[in-house]
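Colleague: Fit chain H to the known structure of chain F by using the hints.
2 protein chains.
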Amino acid sequence: MKKRLKIAIDAMGGDNAPQAVVDGAVEACREYGTELVLVGHKDPLSAYLKRHPSSSYLPISIKHASEVVKMEDNPLDVVRKKKDSSIHRAMELLATKKADAFVSAGNSGAVVSAGLFVLKRIKGIDRPSIAAIMPTLAGKAMVADVGANNICKPYHLAQFAIMCSVYSRYFLHCKNPRVGILCNGEEETKGTDTIKQAHSLLKNSSLNYIGFVEGGDVFNGNVDVVACDGFTGNVLLKTAEGVAESLGSALKEELTRGLLSKIGYLFSRRAFESLKKRFDYAEYGGAPLLGVNGPVIISHGRSNALAVKNAIRAARDLASSEVVHHLQNDLDVNKDLLSIGKKPSIIDRMLSPIQKKQNS
Amino acid sequence: MKKRLKIAIDAMGGDNAPQAVVDGAVEACREYGTELVLVGHKDPLSAYLKRHPSSSYLPISIKHASEVVKMEDNPLDVVRKKKDSSIHRAMELLATKKADAFVSAGNSGAVVSAGLFVLKRIKGIDRPSIAAIMPTLAGKAMVADVGANNICKPYHLAQFAIMCSVYSRYFLHCKNPRVGILCNGEEETKGTDTIKQAHSLLKNSSLNYIGFVEGGDVFNGNVDVVACDGFTGNVLLKTAEGVAESLGSALKEELTRGLLSKIGYLFSRRAFESLKKRFDYAEYGGAPLLGVNGPVIISHGRSNALAVKNAIRAARDLASSEVVHHLQNDLDVNKDLLSIGKKPSIIDRMLSPIQKKQNS
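If you read the sequences in order, they're chains F and H. Under our numbering, think of the first position of the first sequence as 1, with each following residue one higher. Under our numbering, think of the first position of the second sequence as 1001, with each following residue one higher.
This is chain F alone, in the form it adopts within the complex:
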């Protein structure tokens, strides 16, 4: 029999926490049969849990954490000063194998930073990155980085591509993911120097690399994995969300303008609901944090209970895909490639005294 997975949840993270998190967790526990640990302040958490009378029979426990990370907190402070926060404590559960995966809708910078310092990086990875999973006409595409690293070196982009490619294979079940670099055109003459260098790295890699892709290619199904720096990826992600929301509002406006349109809307309602479901962020659960030693899902700050439930499903799938193990293999194959142009990174230099202290 397969072992029942245990998932730690940052119960204090996100705009609608802790209520939406508790509600989503109870639903996920019922539907997916995963064991859950709600990490956060025990008083509000047990109060919200009690609102679900049947929850006492479910495998949900509470791990107390006295501090809360705010959205505006400096990510590094979570590791340095808020060691009893829900994010820090939950990450410790994952690091000490007391949980199999971790989900947070909280301060994503703090999750990245706790992942980096508590969970640690996978060997061969310089920078953890956040990968957005985007709905496309053909299925799903992964884009990384979308927020952890504003400025990147060519080998960072190559590492993002390798990580996403593995996640795409084992987590999204895409057989031979087509990998592209996000650029301002498809021609080899386009792009910045960093991007051109990343292009030559990936041309020589073991990946199914297809070259430069444009913003639109992510959505029409032309590519499965897109590497970019976190600044550009974040613009792409927010633009896509913004356009989809604005088009939705405008369509609603047009459809409620005249009687004929209103009648039409009633007939086609199911089509709109199906479309909404295909393109709704809440259905996707969240973004995997790539490059750390364990499965972490960062979900949207605006997550409602449905989004939390789906994030828990994603965390379960991520844990059972054993993607971290598979990743090490792909990194080893492309090892020589990734050392091109590399100097010790700032993160390496920051981590080395901490690691020395921990080892002594």
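None of these hints come from the bench; they were simulated from the model. A hint or two may mislead.
The calculated label-pair distances, taken between Cβ atoms and stated as ranges, are [said to hold, decoys possible]:
no., chain 1, residue 1, chain 2, residue 2, range
1, F, E283, H, Q1328, 21 to 29 Å
2, F, R278, H, E1273, 21 to 29 Å
3, F, P59, H, E1273, 49 to 57 Å
4, F, E283, H, G1221, 23 to 31 Å
5, F, P59, H, N1204, 56 to 64 Å
6, H, E1253, F, K335, 39 to 47 Å
7, H, P1053, F, I151, 34 to 42 Å
The structure displayed is predicted, hence computed values, not measured ones. Virtual Cβ for every residue (Gly too), placed ideally from N, Cα, C.
Modeller: Chain H alone, transformed into the frame defined by chain F:
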């Protein structure tokens, strides 16, 4: 009586040239009463013109240019080697005041480069930039740069903001445009060093500067003018187009899936058409080239006759708004600001021997 404006058109530019350009020009001439000069090879142009029997009565003339700029041509080669191309010749008409505006759906890099070397920059502007006009829930927003400058200095971003702000006022009739810098978050702690420095420049400017904005803000009507480097702006533009197209295709798919939805679609058809019109690039005509000494509209490479017609309308409006004149005023007001952190640019160094030669 107002003087009739004369618009030069790159009749060889764009995927559907010259036919779509000639067809669009004939329609525009009928509808807007502007005088038009089709610049390109005289043989195909007169053949396509003859297909419109009434065109002989319209104020459309042909200016012969023997060379054609291809989409893959190096932009600088147009200025150096293809002096008898439609782009170069049309830009000369504008520079010598034989035309009041210029429209091209051709190689946009070549148009920028011809603008820079033939038409010349406005005093105080270092880099011409391409401004996309985006449909929003509230009207229209301008985003620049979207393709002329991959990497920018803080004062370039500030110049883009000033230029767009003036274009927004006089061309799009927005009274007091809210100006933002595109960033990966709204907090002051976000962004790259370049963006943070541009932020402090604009905080001290005469503009209605509202701070950092995200990709989604462009579309929900929270901002009227967005400054960014050309790489990021291009990703934003292509992402927006891609999401809109993919959502359109997905909606069509859903609406034609069942009988009820199909019936609904028939009732709501007018709503969809109205939505499509609001968000269709062909309705907007094109992107103004900012920072050169004359009104230039760069329209989409995929322009059909409707897009060409609307681009001609945009060029007419741009010429009559006298925006280039107004721009000089705003640049003078913010002159001290724009000299902060400035060294002679590469373009300046490239231009100086050419200008010396021209002046001697």
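Colleague: Which earlier hints turn out false for this structure, listed by number in ascending order?
Modeller: 1, 7
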